[in-house]
Each structure stands twice: as C-alpha cells, then as structure tokens.
Amino acid sequence: MYLTKEEEQILNGESGETLRQAIEILVALGDIYGADRLIPIKSSQIAGVSYKTMGDAGLEWISDLQGKVKVPSILNPAGMDLQDWKRLRISPEFAEKQKLIVQAYEKLGIQCECTCTPYNLEGFNVGYGDHLAWSESSAVSYANSVLGARTNREGGPSALSAALLGKTANYGFHLNENRMPEISFDVGYSLKGSDYGALGYVAGKLAGSKVPIFHLRCTPDADELKALGAAMAASGAVALYHVEGVTPEICRMDFEEPTEKITIEKSQLDEVYEGLRKACKEPELITIGCPHCSAAELEKAAELLRGKTVLKEFWIFTSRKLAKLHPEYIKTIEKSGAKVVCDTCMVVSPATNSYSCVMVNSGKALAYVPGMCGAEAVYGSMETCVEEAIGETTKKVAKKAGGSN
Amino acid sequence: MRQQRRLQRRQVVLIKLKGRTISRGCARGEVLLSIDPISFLGSVDPKTGVIIEENHALEGKSIQGKVLVFPHGKGSTVGSYVMYQLKKNGVAPSAIINLETEPIVAVGAIISEIPLVDMLERNPYEVLNNGDFVVVNGSKGYIELIKQETNKTECN
Numbered sequence: 001m002y003l004t005k006e007e008e009q010i011l012n013g014e015s016g017e018t019l020r021q022a023i024e025i026l027v028a029l030g031d032i033y034g035a036d037r038l039i040p041i042k043s044s045q046i047a048g049v050s051y052k053t054m055g056d057a058g059l060e061w062i063s064d065l066q067g068k069v070k071v072p073s074i075l076n077p078a079g080m081d082l083q084d085w086k087r088l089r090i091s092p093e094f095a096e097k098q099k100l101i102v103q104a105y106e107k108l109g110i111q112c113e114c115t116c117t118p119y120n121l122e123g124f125n126v127g128y129g130d131h132l133a134w135s136e137s138s139a140v141s142y143a144n145s146v147l148g149a150r151t152n153r154e155g156g157p158s159a160l161s162a163a164l165l166g167k168t169a170n171y172g173f174h175l176n177e178n179r180m181p182e183i184s185f186d187v188g189y190s191l192k193g194s195d196y197g198a199l200g201y202v203a204g205k206l207a208g209s210k211v212p213i214f215h216l217r218c219t220p221d222a223d224e225l226k227a228l229g230a231a232m233a234a235s236g237a238v239a240l241y242h243v244e245g246v247t248p249e250i251c252r253m254d255f256e257e258p259t260e261k262i263t264i265e266k267s268q269l270d271e272v273y274e275g276l277r278k279a280c281k282e283p284e285l286i287t288i289g290c291p292h293c294s295a296a297e298l299e300k301a302a303e304l305l306r307g308k309t310v311l312k313e314f315w316i317f318t319s320r321k322l323a324k325l326h327p328e329y330i331k332t333i334e335k336s337g338a339k340v341v342c343d344t345c346m347v348v349s350p351a352t353n354s355y356s357c358v359m360v361n362s363g364k365a366l367a368y369v370p371g372m373c374g375a376e377a378v379y380g381s382m383e384t385c386v387e388e389a390i391g392e393t394t395k396k397v398a399k400k401a402g403g404s405n
Numbered sequence: 001m002r003q004q005r006r007l008q009r010r011q012v013v014l015i016k017l018k019g020r021t022i023s024r025g026c027a028r029g030e031v032l033l034s035i036d037p038i039s040f041l042g043s044v045d046p047k048t049g050v051i052i053e054e055n056h057a058l059e060g061k062s063i064q065g066k067v068l069v070f071p072h073g074k075g076s077t078v079g080s081y082v083m084y085q086l087k088k089n090g091v092a093p094s095a096i097i098n099l100e101t102e103p104i105v106a107v108g109a110i111i112s113e114i115p116l117v118d119m120l121e122r123n124p125y126e127v128l129n130n131g132d133f134v135v136v137n138g139s140k141g142y143i144e145l146i147k148q149e150t151n152k153t154e155c156n
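So the protein sequences, as listed, match chains A and B. Going by the numbering used here, the letters in the first sequence line up with residues 1 to 405, in that order. Going by the numbering used here, the letters in the second sequence line up with residues 1 to 156, in that order.
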C-alpha cells in the first residue's frame, strides 16, 4: 500500500503513539483487503459504545488513547439513556462504566450523541460520492444505498482510527467495482411500512454479503428504505443495496442486471409476521425505534398513541437531538405511559434482557433480540405494536396475524 | 546483560520464513500450535490466558508468553478488546502467526502491541512444532526458527 511521506512519518511514531497505532490499524486492514492508499473521509461514526458489548476490555483501550479526531465523529447507541438511565432500571454499576466509556470518547473530541441514524443530524449530512468511515451496519447501509456515499462497515477501532487520522483505507465499497449489483430480487406486490423490514429480514438471509438490486412495484420512502437496509444488514451482511428507479446510484451508474435472480413471494413476508401468532408467550415488552425513529416516525407514534393508555411496557427509541427538536411528539407519546428513550436501543441495552418476549417493528431487532437479549422476538407493524401495548390486539389477533403494513 | 548477549550469539537460526506484516514489533517465545481458529471473546479467559472453549484444540492450555500459531480468528469484534485485556493482565501471547489474519485479530494485535505475521512462504503447521523457539519480527515481516542451546551450561 502506498503511503505519503507524512503518513510514513506517522507510522514511524513521529506523531505520537495513538496516531501510530491508528495508522497501523488502517494499513493492516488496507493490506488485508488490498487497498492501494489512504483516502480522506468526511465523517466517522464509531461503534463499540455500549458497556454491554464492550466490557472492561473496550473501556480500558479507549481510556488509554490520546489526541483529537480530525473529522466530525459521532457515536453509536450506548447501553442506556445517558441522562435518565434509572427509568429502565439500569444498575448503578453498569451506568458508572457506561459513563466512563462515553467520557473517554468525549475526551478524543467525539460528539457524544449516541445514535444509529447520524444522517438525520446536522453536521453529518452526507452527499453523493462522499467517503465515510461509519460502523453501525444500518447507517452504513443507508449511507451507501440511499445517499450514494461510500463506506465500508468499519469495526469500532478502525472507525476511531479513521476519525483520528481523517482517512481510511481505499478498498471495498469505496471502489466502483464493488458497488455493482450481484443478486436481483423481484417483489411483485405492493409494500407498505413494516413490510420493508420483513422484506429485508427475508432478503438479507438470501443475499448474505452480496449487493442486491430490488425490483419493486412501489416507491419506498426514506424510513422504509432505512428499515429495509437495517434488516438486511442484520439477517445478512448487506452493506449496500440498490432499488431500481429509487436509489441514486442505480440512476447514475450503468450497472448490468445480475444473472442470479430470486423472486420473493408474499408468503415469505407473511411468515415473518406469523411469529406473533406462533410465539410461546405474549409480548411483555413492545419496542419501536430500531434504527432510531425519525421525526416522521415519532409523529406517527404520537398520533397512534394520542389519548390512549398503554397497558404493557412500551419503549420508543430515538436520538436525543430529534427528541429535543420535537417535544410535542414526546409529550403525547409519554402521556400514554409509553417511554421515549434516547442514546440507546432495545438491542444494546441490558434493560431488554429481563423480558422473555419482545415485540418489535424492525427486521433488524427481530434478528438481534434473541441472540443479544436472550428473549423471543415477534414482529408487527407500528400500528400492531401500539394495539398490542394498549391491549386491543386480543380482539383483533385473528384478523391481524399475517397482515401487512 | 553479558550472559544474555552471549546466549543470543549462541542461537542458531535454523529456518527463516518471510511473511506479511500485520502488527509491528519483535518478540520471541515457544510455539503453541492450534489447529482450530480462535475467538478471543469466549475462547480465552482474559484474566488467566487459558483457553476455555469446550472441545477447542487448546482447551485448558495457557497462551501466555507463547508464539501462538492459529489459522485465523473468528467470532465477535469485541475479541480485539479482549486481546488488549490479555496484554494488560500480562497473559497475552508474546507473538502471533496466522495462516491468514482477519480484521478482528489484526486490530486486536495492533492495539495490544503483539507482533503478528501471516501468509508465511511455507505452511507453519508443516515447519513448526509445539515447544520450538521462534522469533517473530512483525516490523520486517518474517519469523525465525531458532535452535537454542541449553541455557545454564552455555552461559556459565
């Protein structure tokens, strides 16, 4: 891999130990993946924040680092709401460690907004063709696919190294040749809302790490694309997808249609919804906001919950900035007894581990909750989630099972 | 010091194999071969450096101070941080040789300052045996199999 004179000097330790280690990480990864050089990045988004996943090992490493990041950098969700952690009954020991992790990142100049949807925030706006070093799989998928930017799925240390240097190694999704569709999915019926998460859950398993192109009969909005990509990145390892006539790259680049073609039947999506009817238990906890709710999703949740009272524990996850920008939605939601929780999510918070059956409207959460939280996960639309929480589903369960949107 | 220098002079390099630099630095130690891949999260006790994964080729063995030879890493990315914890607890391997390193182990070795070389010009499983004394030069990208003459009689 070619390094500039300045980069060679950093690798020789002339800019200190933290940067030496950072560039050594990028060079090693670049060599493993065949990068030719380092390229500048516009921003970094760093995973490895929740104490639940990092443990003392991760905390120790981050605490020992020195220096400041060179590009706008932001964190992935932590293990708890950083301001109101007691509400979800997080232990004081966990909270203490979690705060230390976030403080260690803050010391490096990283914005301690913890969200999986940085693209919804000022300062992290992403343009077509921008190079990034983002970690969170759903944000990587959104940036690559919906915004036409270019990022690999960075691990925590490599995203942090990229942030400290303002550069990343030029391989993988930074290169045109790796962005071409490799598998084609035909979906011959109309989709709405949570159908996209169900589709992503099914398609991710079929795609593995290939780049899919979708031929749809309808035009998804931004939140539906977010749900589709997040689910595929969790049930598979999809970091980039295209939707014919919708996503920016497919409209600008001259891609060939892949030879591998798969038709996804309606019955395959129905199976995802059927988990609710087949579950061993009734959901004890209802969660939405994986990835974090957008303003539009908060508004929808507020409308569905207006004047209602929830009978079950109901958590709605979003970024702190969006919660602050929309106090009216938060007020309406919380009046129902549902909780708006910031900085964290149902997957990375230990709070979820004390429930045995969790209802989600996210294909990503459906894929991760069983393994990460030891709970059964069932799937439904945001509307079904609200009905379940306010106790209206018992009447409607026969009608709703297998239903869409 | 003098004894050490004399000792080093008496070491004979039997085989030198070139490989690819992953993590820089230079260290030496006894070879411990693992046929199985290693997930540092779950396979290794970070406090003791003992392999705890059931039915692992190295189950019950300590990797502390060894030149650990394994095909490649597996499992969670948190494994990188566990390698750092092993190092801080003084029970990390002194160096690593892989057939082909993947990013979790590469990152873990770098942040833990454990020299690591992979893709040797010959298969390390055919050349090395458990207990062999090996130098791993991560900076220059090679390993050396050393014939070490027994310490006391030579040094005195």
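For the record, the hints were derived by calculation from the structure and aren't laboratory data. Keep in mind that this is a model prediction, so the values were computed, not measured. It is possible that some hints are incorrect.
[Claimed, not checked] With a Cα cut of at most 27 Å, we get these calculated BS3-like pairs of lysine-lysine:
(1) Lys99(A) - Lys47(B)
(2) Lys205(A) - Lys261(A)
(3) Lys61(B) - Lys147(B)
(4) Lys74(B) - Lys5(A)
(5) Lys140(B) - Lys16(B)
(6) Lys47(B) - Lys97(A)
(7) Lys97(A) - Lys107(A)
(8) Lys321(A) - Lys97(A)
(9) Lys278(A) - Lys321(A)
(10) Lys86(A) - Lys308(A)
(11) Lys312(A) - Lys192(A)
(12) Lys261(A) - Lys300(A)
(13) Lys18(B) - Lys140(B)
(14) Lys88(B) - Lys107(A)
(15) Lys99(A) - Lys68(A)
(16) Lys99(A) - Lys70(A)
(17) Lys278(A) - Lys205(A)
(18) Lys339(A) - Lys281(A)
(19) Lys97(A) - Lys16(B)
(20) Lys68(A) - Lys88(B)
(21) Lys308(A) - Lys335(A)
(22) Lys74(B) - Lys210(A)
(23) Lys205(A) - Lys74(B)
(24) Lys339(A) - Lys86(A)
(25) Lys312(A) - Lys86(A)
(26) Lys68(A) - Lys97(A)
(27) Lys99(A) - Lys88(B)
(28) Lys278(A) - Lys266(A)
(29) Lys47(B) - Lys5(A)
Subject >> Index of numbered hints that the structure contradicts, given in increasing order >> reply: Numbers 4, 9, 12, 19 and 29, in rising order.
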